[in-house]
Amino acid sequence: MNNKRGEGMSKVTFDSVEVGEELAPMSRKVTQEVFWKYAVASLDYNPVHCDPEWVKTARPFGITKTVGHGMMTISFMLTVVSNWAYPSMLKITRIDSKLIWPVISGWTVKCTGVISEKHFISSGKNYVVIDLKAENQYGKLLGVCKTEVVFPD
Amino acid sequence: MGKKGLAKYMTTEKQKQFDTDFFKDAETYEVWEEIDFSNLNEIDGQRTFEIKAEDIKFYSEAIMDDNPLMNDEEFANKSPYRGLVPHPIFGTQIIFWCIGEKGRGNWIRTPGARNPGQYLEIYENFRVGEVIHIKMRPYDRYVKRGKYYLRYEIVLYNQDNVKKGKCIGTLILPKTRRDIEKFLEGERGVEI
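So the protein sequences, as listed, match chains D and E. Mapped onto our numbering, the consecutive letters of the first sequence carry residue numbers 30 to 182. Mapped onto our numbering, the consecutive letters of the second sequence carry residue numbers 129 to 320.
If you're looking for bench data, these hints aren't it; they were derived computationally from the structure. Treat the hints with care, since some could be wrong.
[To be verified] Using 27 Å as the maximum straight-line C-alpha spacing, the simulated DSSO-like pairs for lysine-lysine come out as follows:
#1 D:Lys94 with E:Lys152
#2 E:Lys292 with D:Lys154
#3 E:Lys180 with D:Lys120
#4 D:Lys94 with E:Lys131
#5 E:Lys206 with E:Lys131
#6 E:Lys292 with E:Lys180
[Stated by the list, open to error] To give a feel for the contact side, a few chain E residues facing chain D, derived at Cβ under 10 Å:
#7 Gly133
#8 Phe146
#9 Thr148
#10 Phe150
#11 Asn169
#12 Asp183
#13 Asn205
#14 Ser207
#15 Gly245
#16 His261
#17 Arg279
#18 Val283
#19 Tyr285
#20 Phe311
Just so it is clear, CB atoms sit at the ideal spot from N, CA and C, and this is done for glycine as well.
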């Protein structure tokens, strides 16, 4: 395989995928630096994520620590899908996410995905549903997501 | 407010322009009980977002995604996509930029608002050079387990009015203006 991800990999086709197939998992260690950088990337400067002093009294989640952006957790989950889909020109069309627990600095977020449904419509419209979940290093469930991916032919 | 921690990461043109004061003009934000559901007309965002390569690349860098289709222009230009492909959640940045800081429709900036999960539809990937504008409207409002939810719709269009994507956003909002005031004072404003 080439050193550039996606190059040299076999193309994923609708015929080649099966319900129950697991996508390559990924994990990310998060710190306050990660929260700050994501705030800059998303332009979401909510002090819940950015101000370690302010949260000590505001305790917006009942704790005295900053928490990661929900959209950061959703982004981590979707990376599992985009790593799988983009090299084969598959289209991510729907994303339905639910955030269950906020991410705290120092945790490792582990994301996994499995193909849960395969929809036979017609060429260009066939799609699969991928169930994603994000957990911390202790197995605590942080978020879940259902994503639809359409096969172009 | 961790401003030094933030400033060192600001590299793109938009990041350098954008105001990091999340509480600015907070008195103009609508709380849950104030949202006018008798007027469901679409609201235009305050700004347009011209997509630059640096915007796409920074977003993938921030989430530690090293996919070369998102961050290597030479590689992406030679791929069948013929250009950078943004991360599927890249639209977050566009929405925060376009919404602006004042008035109706900026619910995601409401002090104390919380994100319980979002629904997104992507019709076409965003591309470098497109100029995106958004339209918003409130969609639903409900109480569940003692929390006050707002559901709203944001549609994203390019400069040719091609619909690029849609977000049915959900937020847990402060119910009253006093809840926002408590949040600004550094007190618990929304119960968990």
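Hint-by-hint comparison with the structure:
Straight-line distance between C-alpha atoms of D:Lys94 and E:Lys152 comes to about 23 Å, which keeps the hinted pair within the 27 Å bound. For the suggested pair E:Lys292 and D:Lys154, the alpha carbons sit about 18 Å apart, so the restraint of at most 27 Å is met. Of the supplied pair hints, the one linking E:Lys180 and D:Lys120 holds, its CA atoms being roughly 22 Å apart against a limit of 27 Å. Of the supplied pair hints, the one linking D:Lys94 and E:Lys131 holds, its CA atoms being roughly 17 Å apart against a limit of 27 Å.
A C-alpha spacing of about 39 Å is found between E:Lys206 and E:Lys131, which places the hinted pair above 27 Å, so the restraint is violated. Straight-line distance between C-alpha atoms of E:Lys292 and E:Lys180 comes to about 16 Å, which keeps the hinted pair within the 27 Å bound. With its C-beta approaching chain D no nearer than about 4 Å, E:Gly133 sits inside the 10 Å limit, and its interface hint holds. Proximity of E:Phe146 to chain D holds as hinted, the smallest CB-CB distance being about 5 Å (cut-off 10 Å).
Checking E:Thr148 against chain D: minimum C-beta separation of about 5 Å stays under 10 Å; hint holds. Given the 10 Å rule on beta carbons, the hint for E:Phe150 holds: about 5 Å separates it from the nearest Cβ of chain D. Interface restraint check: E:Asn169 against chain D, minimum CB-CB distance 26 Å, threshold 10 Å, status violated. For E:Asp183, the interface hint holds, the least distance from its beta-carbon to any beta-carbon of chain D being 9 Å, beneath 10 Å.
Given hint, E:Asn205 at the interface with chain D, is violated; its Cβ is 13 Å from that chain's nearest Cβ, farther than 10 Å. Interface restraint check for E:Ser207: the shortest CB-CB distance to chain D comes to about 8 Å, inside 10 Å, so the restraint holds. The interface hint given for E:Gly245 is met, as the beta carbon of that residue sits about 4 Å from the closest beta carbon of chain D, less than 10 Å. Residue-level restraint check for E:His261 is violated (minimum Cβ-Cβ distance to chain D is 16 Å; threshold 10 Å).
Because the closest C-beta pair between E:Arg279 and chain D is about 13 Å apart, greater than 10 Å, the hint is violated. Taking 10 Å as the C-beta contact cut-off toward chain D, the hint placing E:Val283 at the interface is violated, the least distance being around 15 Å. At about 17 Å, the closest approach between the beta carbon of E:Tyr285 and any beta carbon in chain D exceeds 10 Å, and the interface hint on this residue is violated. Proximity of E:Phe311 to chain D holds as hinted, the smallest CB-CB distance being about 7 Å (cut-off 10 Å).
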